[in-house]
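This is what each chain is made of:
Protein chains: 2
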Amino acid sequence: MTEIELIDMLCAGLPGNSAVVVGPGDDCAVLELGLPDRFILFKTDAVVEGVHFTPDAPPEKVGHKAIGRCLSDVAAMAGTPIAALVTVGLPKQFEPERVRAIYTGMSALARQHNVAIVGGETTLSPDRIVISVALVGWVHKNRCVQRSGARPGDAIFVTGELGGSLAGKHLEFEPRLAEARWLTEHFDVHAMIDLSDGLASDLRHVLKASRVGAELLAEAIPISRAARERARMAAAEPLPPVDIAGQKSPLLAALTDGEDFELLFTVASADAVRLFDSWKVQFPGLRLSCIGKITAAEGVTIRDKHGTRPLTAHGYVHFQ
Amino acid sequence: MTEIELIDMLCAGLPGNSAVVVGPGDDCAVLELGLPDRFILFKTDAVVEGVHFTPDAPPEKVGHKAIGRCLSDVAAMAGTPIAALVTVGLPKQFEPERVRAIYTGMSALARQHNVAIVGGETTLSPDRIVISVALVGWVHKNRCVQRSGARPGDAIFVTGELGGSLAGKHLEFEPRLAEARWLTEHFDVHAMIDLSDGLASDLRHVLKASRVGAELLAEAIPISRAARERARMAAAEPLPPVDIAGQKSPLLAALTDGEDFELLFTVASADAVRLFDSWKVQFPGLRLSCIGKITAAEGVTIRDKHGTRPLTAHGYVHFQ
Chain A
1 MTEIELIDML CAGLPGNSAV VVGPGDDCAV LELGLPDRFI LFKTDAVVEG
51 VHFTPDAPPE KVGHKAIGRC LSDVAAMAGT PIAALVTVGL PKQFEPERVR
101 AIYTGMSALA RQHNVAIVGG ETTLSPDRIV ISVALVGWVH KNRCVQRSGA
151 RPGDAIFVTG ELGGSLAGKH LEFEPRLAEA RWLTEHFDVH AMIDLSDGLA
201 SDLRHVLKAS RVGAELLAEA IPISRAARER ARMAAAEPLP PVDIAGQKSP
251 LLAALTDGED FELLFTVASA DAVRLFDSWK VQFPGLRLSC IGKITAAEGV
301 TIRDKHGTRP LTAHGYVHFQ
Chain B
1 MTEIELIDML CAGLPGNSAV VVGPGDDCAV LELGLPDRFI LFKTDAVVEG
51 VHFTPDAPPE KVGHKAIGRC LSDVAAMAGT PIAALVTVGL PKQFEPERVR
101 AIYTGMSALA RQHNVAIVGG ETTLSPDRIV ISVALVGWVH KNRCVQRSGA
151 RPGDAIFVTG ELGGSLAGKH LEFEPRLAEA RWLTEHFDVH AMIDLSDGLA
201 SDLRHVLKAS RVGAELLAEA IPISRAARER ARMAAAEPLP PVDIAGQKSP
251 LLAALTDGED FELLFTVASA DAVRLFDSWK VQFPGLRLSC IGKITAAEGV
301 TIRDKHGTRP LTAHGYVHFQ
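Sequence order for the protein chains is A and B.
If you use the working numbering, the first sequence corresponds to residues 1 to 320, in order.
If you use the working numbering, the second sequence corresponds to residues 1 to 320, in order.
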């Protein structure tokens with residue numbers, strides 16, 4: 001059973017109520033709690049030792065990642081985080097200094113975004129450290145961006161550079177909160193998601209929710225230096241698997257590596273040039289790339305100098 | 001390092017902000033999000049296979065317990081739950097039917113209290129099932145009950161019967177949501193907590209937060225049938241440890257066994273008789289016991305026919 005089949009099974013028949021604006025399946029749940037112009041955002045995310053971080057990862061960075069993943073999901077809805085609860089599962093014999101350092105890293109990133117840590121719990125996790133963060137935030141009702149709003153003809157953008165995040169970025173990424181709020185304040189953003197499973201996989205979530213397809217431009221995909229360096233080092237060894245005929249592995253890494261925590265979003269193509277120009281002024285240090293367009297025909301294709309091919313590369317899927 | 005020392009260490013220096021009404025250290029965090037007459041309640045709680053439930057526990061009951069613990073914490077603040085997120089960590093080889101049954105049990109209790117399950121996530125937990133539930137709820141600003149409001153002279157009440165919950169109740173308890181709301185609607189409840197670690201331990205949380213002490217009446221403690229039966233079975237064997245001179249083990253079980261998930265609360269002694277009378281009419285099926293009174297002198301004493309002694313019995317403490 002794949003993770004997606006499992007989630008489909010578990011989501012069938014879950015109870016709802018009149019407070020639910022967006023339930024399972026987007027970056028955050030969205031609740032109507034009676035505030036005149038705001039929705040409440042609600043999100044949880046867990047990291048597990050040996051799965052999301054290695055036992056020798058610097059503990060401050062583990063804390064940064066644990067809360068950063070939730071913040072990135074709030075960014076994907078164009079929201080503002082408010083308060084977090086932290087559940088930490090620890091083996092019987094744990095190193096207090098390591099746990100303290102995890103909280104130091106978590107608190108530093110929380111403070112940077114004015115997020116309060118209002119409690120949580122410690123529990124016994126006999127075999128490895130587990131950190132689950134729950135987050136509450138808010139979003140303007142008319143600026144809440146879901147995955148389901150992409151329209152044929154939209155330009156597809158991504159922030160930053162992609163691929164090779166295991167070399168370090170997966171522990172150090174900056175959640176794009178200010179960028180997402182600025183975007184929705186100045187542009188009509190149709191759909192947005194944060195890149196956690198990998199571009200090829202996360203784009204599909206947007207396309208499925210919006211019932212559209214996409215055509216990507218191979219040379220427009222922003223490939224990170226880490227992805228290029230990994231490929232260079234691998235060149236001495238047998239080539240890593242290449243899924244797209246004629247493309248080298250750095251592109252594949254940018255398309256399928258997970259944990260970039262950049263934003264992917266779509267706007268009407270008529271807004272694309274103005275968006276580029278304003279972005280450069282507002283966020284000169286962060287690259288923005290238009291990587292393709294939304295199509296009415298479903299499925300994903302990728303175009304390079306050799307022509308257009310179906311993109312079959314998948315992101316990382318748990319439980320497979 | 002005990003759990004309490006660990007929590008003290010981790011809570012030092014956590015970031016706050018202007019939305020926080022109650023931070024770490026009560027049954028729920030309380031947030032001011034701009035609603036005129038309501039606070040938002042925020043809580044997480046995790047159960048771990050082998051710690052909070054055995055591998056052979058009926059999975060529906062495991063789900064019931066996982067969400068019920070959070071609902072019990074919302075009850076302890078006299079709140080109303082709204083929406084939950086569920087994080088489930090699963091080994092690589094998991095039984096889909098077992099996981100589905102956990103969600104069935106969770107959904108049934110959620111539906112009963114009109115709580116929506118709005119998502120969550122699945123993650124890999126290589127060695128055992130972990131279920132973490134995050135809950136958002138609300139409470140009338142003028143009815144939110146904290147642990148810190150107990151006053152000398154208050155009568156101390158508990159709902160239900162205590163002890164021996166491992167015999168079954170820990171998987172089947174009913175969160176006392178309606179009872180808590182009714183209490184705060186009709187009475188000035190000074191302090192409240194739900195009994196998760198055991199009466200002797202949880203009462204101390206109230207006393208510490210309120211800077212008071214308590215005197216309990218041994219014969220007023222409501223001892224469950226499960227606690228009595230366990231003692232009867234143990235009578236054939238060497239006596240279990242007895243911590244209070246002259247008392248038999250059923251009382252000790254009622255004082256120190258965890259996971260009863262009943263409410264402990266205090267009201268002015270002048271309200272006690274009226275409370276008893278109205279309770280019997282309102283909740284004829286649920287026992288209510290006045291177990292003692294709050295004292296200005298700190299510490300806990302227990303009185304029986306032999307006199308008054310300090311109560312040294314402690315509840316279950318993780319990591320010790």
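For the record, the hints were derived by calculation from the structure and aren't laboratory data.
Note that the structure is predicted; figures quoted are calculated from it, not measured.
Take these hints with a grain of salt, some might be off.
You can't tell identical chains apart in this list, so a pair holds if it fits in one copy or across any two.
[Stated by the list, open to error] Mimicking EDC-like on lysine to aspartate or glutamate, the simulated pairs with C-alpha atoms at most 16 Å apart in a straight line are: (1) 92 x 3; (2) 208 x 229; (3) 92 x 5; (4) 305 x 229; (5) 293 x 121; (6) 208 x 174; (7) 92 x 49; (8) 305 x 56; (9) 305 x 121; (10) 293 x 3; (11) 92 x 127; (12) 280 x 60; (13) 293 x 37; (14) 141 x 32; (15) 293 x 219; (16) 141 x 271; (17) 141 x 304; (18) 280 x 8.
A quick look at each hint next to the structure:
no.	hint	result
1	92 x 3	between (30 Å within a copy, 10 Å between copies)
2	208 x 229	neither (33 Å within a copy, 57 Å between copies)
3	92 x 5	between (34 Å within a copy, 14 Å between copies)
4	305 x 229	neither (23 Å within a copy, 79 Å between copies)
5	293 x 121	neither (45 Å within a copy, 30 Å between copies)
6	208 x 174	neither (27 Å within a copy, 40 Å between copies)
7	92 x 49	both (15 Å within a copy, 15 Å between copies)
8	305 x 56	neither (43 Å within a copy, 59 Å between copies)
9	305 x 121	neither (54 Å within a copy, 40 Å between copies)
10	293 x 3	neither (28 Å within a copy, 53 Å between copies)
11	92 x 127	both (9 Å within a copy, 15 Å between copies)
12	280 x 60	neither (32 Å within a copy, 54 Å between copies)
13	293 x 37	neither (32 Å within a copy, 47 Å between copies)
14	141 x 32	within (9 Å within a copy, 19 Å between copies)
15	293 x 219	within (14 Å within a copy, 75 Å between copies)
16	141 x 271	neither (22 Å within a copy, 45 Å between copies)
17	141 x 304	neither (40 Å within a copy, 60 Å between copies)
18	280 x 8	neither (40 Å within a copy, 46 Å between copies)
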